[in-house]
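Using the sequences plus the hints, can you model the full thing?
Line by line, the protein sequences are chains F and S. At position 242 of the first sequence (counting the first as 1) the number is 242 in my numbering, and the numbers step up by one without a gap. At position 257 of the second sequence (counting the first as 1) the number is 257 in my numbering, and the numbers step up by one without a gap.
Calculated directly from the structure, the hints in this document are not laboratory data. Hints may contain errors.
[Claimed, not checked] Here are the simulated BS3-like pairs of lysine-lysine, each with C-alpha atoms no more than 27 Å apart in a straight line:
| hint | chain 1 | residue 1 | chain 2 | residue 2 |
| --- | --- | --- | --- | --- |
| 1 | S | K117 | F | K189 |
| 2 | F | K103 | S | K135 |
| 3 | F | K12 | F | K267 |
| 4 | S | K135 | F | K183 |
| 5 | S | K25 | F | K183 |
| 6 | S | K135 | F | K189 |
| 7 | F | K189 | S | K158 |
| 8 | S | K172 | S | K135 |
| 9 | F | K189 | S | K112 |
| 10 | F | K267 | S | K135 |
| 11 | F | K70 | F | K241 |
| 12 | S | K117 | S | K135 |
| 13 | F | K12 | F | K103 |
| 14 | F | K183 | S | K158 |
| 15 | F | K183 | S | K112 |
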Amino acid sequence: MAAAKSTRFDIKSYRGFKSITLLCLFILYAPLVVVTIYSFNASNSITTWEGASFHWYADVFTGPESEKFKSAAFNSFVIAIVAATLATTIATLAATGMVRGGKFRLRALSFGLISLPLMVPEIVTAVATLIFFNSIGFDRGTMTILLAHTAFCIPFAYLPISARMQGIEDSYEQAAMDLYATKRQAFTKILLPLMMPGIISGFILAFIVSLDDFIITNFVKGAGVETLPTAIFGSVKQGIKPNIMAISTMLLGVSVLMVTISYLVSKSDNTK
Amino acid sequence: MPLDREIAIDVRNAVKRYGDFTALKQISLSIMDNEFFTLLGPSGCGKTTLLRMIAGFEDVTQGGIYLYGDEIENLPPNQRPVNTVFQNYALFPHMTILDNVAFGLEMRGSSKADARKRAGEMLELVQLSQFAARKPSQLSGGQQQRVALARALAPQPKVLLLDEPLSALDLKLRKAMQLELKHLQRETGITFIFVTHDQEEALTMSDRIAVMSAGELQQLGSPVDIYERPHNMFVADFIGETNLLEVSVDKIEAGRAICHLGGGHELTCNEVAGIGVGSNVHMSIRPERLFMSDQPAEGESLHGRVKENIFVGTDISTIVALDEGPDFIVRTSNSDRGNKRIFEPGTEMFINMELGAARLLVD
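Here it is as structure tokens:
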């Protein structure tokens with residue numbers, strides 16, 4: 001911290017800075033806080049507080065809907081892990097080609113094509129994916145969810161990986177090859193370890209995006225196949241019960257955990 | 001150059017083009033075994049391109065490169081027994097110092113134990129054994145530089161390429177590293193090809209220097225050759241400080257050229273092939289080859305008046321205006337003050353020099 005830094009143009013000294021900040025934080029986090037608190041409510045009602053309890057957490061695992069949620073959670077995690085792995089692998093190869101491929105024709109277009117899905121409204125992607133699967137006669141089921149998730153996770157995995165790669169000078173690989181490493185060895189022994197923080201961040205981001213996707217999943221999933229978000233939605237349609245709050249809180253916990261890991265990985269540097 | 005020495009690197013009519021731009025125009029040069037050879041030139045002259053072509057990072061548009069007689073220009077970098085010390089060192093940041101130095105040996109097929117043993121010896125050679133377990137980011141610039149050297153020397157390359165390796169170091173460290181590099185080259189007996197834009201560095205360390213400019217070889221010779229007998233205006237101007245004068249050649253007799261400097265001043269110097277009577281050319285006179293006196297000496301003499309004395313540490317630079325003629329810089333070493341006089345500004349005096357101090361240059 002530069003102690004002598006002038007505070008005159010510091011944004012903190014602007015009028016209303018504090019109140020706007022607090023308002024934004026409130027709007028962003030108040031619903032999450034409410035859901036988290038009420039998930040520990042002993043009451044059957046979702047609005048009246050009747051004392052703290054783990055009742056609804058127990059209900060998630062043992063209650064009447066527990067089987068449905070367990071199988072949905074299992075599907076969700078399996079799909080998220082497999083889709084994130086595939087997407088990260090593809091994104092790593094894409095980043096290698098884009099960043100290390102020199103100036104090739106259509107490079108700008110390629111980058112656009114990779115990141116465009118981030119800008120396309122998800123409902124459009126969902127409808128298009130559904131039509132695609134129908135037109136090639138692909139029966140909807142776990143496989144269609146997996147393929148759709150892999151596809152839309154690629155840009156999320158690509159961004160941190162390519163950002164990391166751009167920061168790695170190509171003189172490292174040149175030095176490796178100068179020291180008798182083959183191209184493959186230069187990649188596996190030098191480039192890949194240096195890219196690892198980016199790859200892990202990319203994987204985690206893809207994992208979370210897959211885990212909580214609802215719209216696309218809802219379109220391409222087959223009858224009877226549920227992921228956690230679709231199962232929650234199905235349950236909510238019959239009225240909001242406090243067990244939904246408990247599930248949501250646990251899902252929130254998983255997300256916070258993953259984001260924290262991602263943050264720590266990006267901060268930790270294998271070069272020190 | 002003794003003829004019994006082998007040619008380590010032979011560059012034959014090498015051309016490098018990037019699209020329409022020609023980075024190297026037909027370069028041919030031979031670098032001898034066990035030589036400290038320097039490629040010297042301003043940025044953009046093609047010296048680094050040539051080095052990278054020898055290393056294998058740039059392909060050769062035309063011509064050939066030979067390593068001890070074997071044609072290598074089509075081999076990938078990992079199949080050329082040459083190693084490079086990169087400008088930014090390019091130490092692998094995720095590996096320890098020891099693993100960095102051992103890398104080349106391992107890639108060449110040494111067992112991990114052998115590679116580490118030899119890497120340890122190399123670190124001893126550059127006096128960094130105590131840092132073996134550290135990561136590169138924990139070392140200072142000078143230490144990283146020595147690790148880069150140890151890493152490149154560990155696999156015992158036939159030729160070591162150094163791409164401006166000292167440019168990131170401060171002056172004092174750079175001077176120390178210059179000597180260390182020179183010693184290392186003598187101890188290992190490996191041919192060094194050193195790229196720099198620093199003429200002083202080149203003069204200090206090299207056995208021979210190739211001066212390059214605009215993708216062309218300007219002059220190839222020993223440091224003394226290059227400094228004392230520059231071929232052309234570029235070399236004279238680029239290497240050291242010099243008085244560059246426009247002259248016209250009045251007369252040539254008995255190997256001497258009598259030149260007119262303007263303002264009625266005349267100087268005699270040695271004839272240069274290709275410069276005839278009537279040519280308007282440039283002349284170079286090194287400032288330290290000039291002496292000031294209150295009377296003309298036996299050799300060549302010019303009359304003028306002192307404009308300014310500038311103290312530059314070891315020397316004093318005196319700017320002298322000739323009567324109706326060009327300005328001269330005269331350098332007098334401070335250790336020579338007993339024998340040579342310094343004149344106050346405004347004093348009339350003579351600039352004296354030996355025949356041969358002035359050199360005519362081909363443009």
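Hint check:
1. About 20 Å separates the Cα atoms of K117 of chain S and K189 of chain F, which keeps this hinted pair within 27 Å; it holds.
2. At roughly 33 Å between alpha-carbon atoms, K103 of chain F and K135 of chain S are farther apart than 27 Å, so this suggested pair is violated.
3. For the hint pairing K12 of chain F with K267 of chain F, the CA-to-CA distance comes to about 26 Å; that is within 27 Å, so the pair holds.
4. A distance of roughly 24 Å separates the Cα atoms of K135 of chain S and K183 of chain F; the hinted pair therefore holds under the 27 Å criterion.
5. Using a Cα cut-off of 27 Å, the hinted pair K25 of chain S and K183 of chain F is violated, with the two alpha carbons roughly 30 Å apart.
6. The hinted pair formed by K135 of chain S and K189 of chain F meets the criterion: a straight-line CA distance of about 16 Å does not exceed 27 Å.
7. Between the alpha carbons of K189 of chain F and K158 of chain S the distance comes to roughly 25 Å, so the proposed pair stays at or under 27 Å and holds.
8. Under the criterion of a C-alpha separation no larger than 27 Å, the hint pairing K172 of chain S with K135 of chain S is consistent with the structure, at around 25 Å.
9. Between K189 of chain F and K112 of chain S the CA atoms are separated by roughly 15 Å; this keeps the pair inside 27 Å, and the hint holds.
10. Pair hint K267 of chain F plus K135 of chain S holds up; C-alpha atoms about 17 Å apart against a cutoff of 27 Å.
11. Using a Cα cut-off of 27 Å, the hinted pair K70 of chain F and K241 of chain F holds, with the two alpha carbons roughly 17 Å apart.
12. For a cut-off of 27 Å, the pair hint linking K117 of chain S to K135 of chain S stands: about 18 Å separates their Cα positions.
13. Using a Cα cut-off of 27 Å, the hinted pair K12 of chain F and K103 of chain F is violated, with the two alpha carbons roughly 43 Å apart.
14. Between K183 of chain F and K158 of chain S the alpha-carbon distance is near 22 Å, which keeps this suggested pair within the 27 Å criterion.
15. For the hint linking K183 of chain F to K112 of chain S, the alpha-carbon distance of about 20 Å falls within 27 Å, and the restraint holds.
The earlier numbered hints that this structure contradicts are 2, 5, 13.
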